[in-house]
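Given the structure of chain H, go ahead and fit chain X onto it with the hints provided.
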Amino acid sequence: MSRLSGPWRRAVVYVVIATIVAASVLAIVRDPPLANEPWPFSAYRLYAQANTGRYVSRHRLFGVTREDPPREIPLVDEYLQPFEHLRFTYALLRLRREKRREGALEEGLRDVLSRYEARRRAGKHDGPALRGVRLYHLRWRLVERVPQNRDVPDERRLLFEISE
Amino acid sequence: MTGVSESLRALGRGWRRFWFEPQSPTNLAVCRILFYGTVFLIFVRRDFSEWGGVSGVFWRPIPLFRSLHLGQPSSELLHVVQAVWKVSLAASCLGVLTRFFGAAAFLSGTYLLGLLFTFGRYGHANSIIVLVMGILALSRCGDALSVDRYIRSRRGEPAPAPDAEYRWPIRLVWVVFAFVFFGGGVAKLRHAGLAWAMSDTLAVYVVQAAIPLARPAGPPLTDWGFWIARHAWLCRAIAAGTLVIELGYPLALFVRSLRRIIVPAGFLMQLGITALILPDFNQFLIAYVFWVPWERVAGRMPHRGSAREAKRSSGGVPLAESVASPAQPTYSGNGRPRP
Chain H
3 MSRLSGPWRR
13 AVVYVVIATI
23 VAASVLAIVR
33 DPPLANEPWP
43 FSAYRLYAQA
53 NTGRYVSRHR
63 LFGVTREDPP
73 REIPLVDEYL
83 QPFEHLRFTY
93 ALLRLRREKR
103 REGALEEGLR
113 DVLSRYEARR
123 RAGKHDGPAL
133 RGVRLYHLRW
143 RLVERVPQNR
153 DVPDERRLLF
163 EISE
Chain X
120 MTGVSESLRA
130 LGRGWRRFWF
140 EPQSPTNLAV
150 CRILFYGTVF
160 LIFVRRDFSE
170 WGGVSGVFWR
180 PIPLFRSLHL
190 GQPSSELLHV
200 VQAVWKVSLA
210 ASCLGVLTRF
220 FGAAAFLSGT
230 YLLGLLFTFG
240 RYGHANSIIV
250 LVMGILALSR
260 CGDALSVDRY
270 IRSRRGEPAP
280 APDAEYRWPI
290 RLVWVVFAFV
300 FFGGGVAKLR
310 HAGLAWAMSD
320 TLAVYVVQAA
330 IPLARPAGPP
340 LTDWGFWIAR
350 HAWLCRAIAA
360 GTLVIELGYP
370 LALFVRSLRR
380 IIVPAGFLMQ
390 LGITALILPD
400 FNQFLIAYVF
410 WVPWERVAGR
420 MPHRGSAREA
430 KRSSGGVPLA
440 ESVASPAQPT
450 YSGNGRPRP
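Protein sequence lines, in the order shown, are assigned to chains H and X.
Residues in the first sequence are numbered from 3 upward in steps of one, following this note's numbering.
Residues in the second sequence are numbered from 120 upward in steps of one, following this note's numbering.
Calculated from the structure, these hints are not laboratory results.
Treat the hints with care, since some could be wrong.
With a Cα cut of at most 25 Å, we get these calculated DMTMM-like pairs of lysine to aspartate or glutamate [claimed, not checked]:
1. H/Lys126 - X/Asp166
2. H/Lys126 - H/Asp113
3. H/Lys126 - H/Glu74
4. H/Lys126 - H/Asp79
5. H/Lys126 - H/Glu80
6. H/Lys126 - X/Glu169
7. H/Lys126 - H/Glu109
8. H/Lys126 - H/Glu166
9. H/Lys126 - X/Glu195
Far from chain X, by Cβ distances over 12 Å, these chain H residues were calculated [what the hints assert, rightly or not]:
10. Val66
11. Arg68
12. Glu69
13. Asp128
14. Pro130
15. Ala131
16. Leu160
17. Leu161
We put the CB at the ideal spot given by N, CA and C, even for glycine.
Looking at chain H on its own, in the form it has when it is part of the complex (with noise of 0.2 Å):
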């Protein structure tokens, strides 16, 4: 059997081995929530929770145009960038729990609705000039585990709004 060159060499990977294993091990039986995980290692909880199967529900934001009447359109990742629609979600979600800054929740919309335009302005996405920004909760009703329309809500409710 072949031993690794040199008991340096031998101590690091000894090590290397024993940290990731140990890291996993330990990730895995405390089991923290997403926020407080070592990353890189997890306990992979992600998709873990049992649903009922008779709602789907989702954080939402939407832009206003500035056209008259003014359109709602859903602000997707690539209105968003750099972020991605639910990494955002989780961000903004966050900010309504902690509540310990006042108006924390109104500054991640400005900067979202600021990003926006200064990127459609770079030319850096063809979406439509905007003059607010809107956080919805959207719930679509299950039958028979599908919903009756995929595109159009049952229910609908606005959490938080700003405009220019």
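Positioned in the frame of chain H, the structure of chain X alone reads:
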């Protein structure tokens, strides 16, 4: 007592065989090329510098960043770091100063991919990329099929012989895989129990991804979500299969016959997730290159240079002196003991 000590000795032999049985450098080298090359192609057009312009209200450093007292970077700094990362990935793929650029790829890549998590956490697909970069940075993956190797051979240095150094990095990536899958299975049992497989849970996740305004990420590769969700038995069968694969994945490390079933099943499962739920999960699929026995794959393909390469390899001096123990069998170029 004799039985116990015999068992311990057998365990020790098994441990050493698992991690340190000599292997030719080719397998690890192919993994290096494919892994770094694919990561480079995925991220080459991605611009991380925009994170420097995001409002500080979103900045919540992950524990790693907190412990290093890293603050929110400027766009200028991110331009530099991402250039370093992309150059390092390309250099590591080609095997140019592999040890140096491997370390640079790991440090800069960890910083950039970790940065994403400081602005909002979701997904684990990037985590395995960081861990594999770390493992490769400490390995000797540039000893074959590399510019480094070409330069050494021009200087008259012999080709490296089979060595433990080419085995443990691949095995450690396997262990990371086992933790990822096993952890996912344990999390499902812990948070949902068997209801995860026996309820409509999977159907709801699939349907969610099929609704444009409800999906967690970009559109999945297919729109089969509604069709699958309509068949409750199919969703539950897939969910039960998922749990079996995840919880049984560690067996793939030790039982070769099960490895041939579990690893492809895990791959297909993740391909299914990519197709139905999360399109960016394909980043995880890159690391499957470490499960493929590339030498055996190449051995089944006719190629002209094999005899010459085998002759050159067998005449080489092992990089690690300890490999050249008189009790060791000698190895041919394909890593198998020579009669």
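So, going through the hints one by one against the coordinates:
1. Note on H/Lys126 and X/Asp166: the hinted pairing holds, with a Cα-Cα distance of about 12 Å set against a maximum of 25 Å.
2. Annotation: proposed proximity of H/Lys126 to H/Asp113 holds, straight-line Cα distance about 17 Å (limit 25 Å).
3. About 20 Å separates the Cα atoms of H/Lys126 and H/Glu74, which keeps this hinted pair within 25 Å; it holds.
4. For the hint linking H/Lys126 to H/Asp79, the alpha-carbon distance of about 12 Å falls within 25 Å, and the restraint holds.
5. At most 25 Å may separate the alpha-carbon atoms for a hinted pair to count; H/Lys126 and H/Glu80 meet this at roughly 9 Å.
6. The straight-line distance between the Cα atoms of H/Lys126 and X/Glu169 is roughly 12 Å, inside the 25 Å bound, and the hint therefore holds.
7. The hinted pair formed by H/Lys126 and H/Glu109 meets the criterion: a straight-line CA distance of about 23 Å does not exceed 25 Å.
8. Under the criterion of a C-alpha separation no larger than 25 Å, the hint pairing H/Lys126 with H/Glu166 is consistent with the structure, at around 21 Å.
9. This hinted pair checks out: H/Lys126 and X/Glu195 have alpha carbons roughly 19 Å apart, not beyond 25 Å.
10. No Cβ of chain X approaches the Cβ of H/Val66 within 12 Å, the least distance being about 16 Å, so the stated non-interface status holds.
11. No beta-carbon of chain X is positioned within 12 Å of the beta-carbon of H/Arg68; the least distance is around 22 Å.
12. No Cβ of chain X approaches the Cβ of H/Glu69 within 12 Å, the least distance being about 21 Å, so the stated non-interface status holds.
13. With a minimum CB-CB distance of about 18 Å to chain X, H/Asp128 clears the 12 Å threshold, and the non-interface call stands.
14. Residue-level check passed: H/Pro130 sits 18 Å from the nearest beta carbon of chain X, beyond 12 Å.
15. H/Ala131, annotated as away from the interface, keeps every beta carbon of chain X farther than 12 Å; the closest lies near 20 Å.
16. Every CB of chain X is more than 12 Å from the CB of H/Leu160 (nearest about 15 Å), matching its label as outside the interface.
17. Remark: the non-interface label on H/Leu161 is consistent with the geometry, its nearest Cβ contact in chain X lying 15 Å away (cut-off 12 Å).
Of the hints listed earlier, there is not a single one the structure fails to meet.
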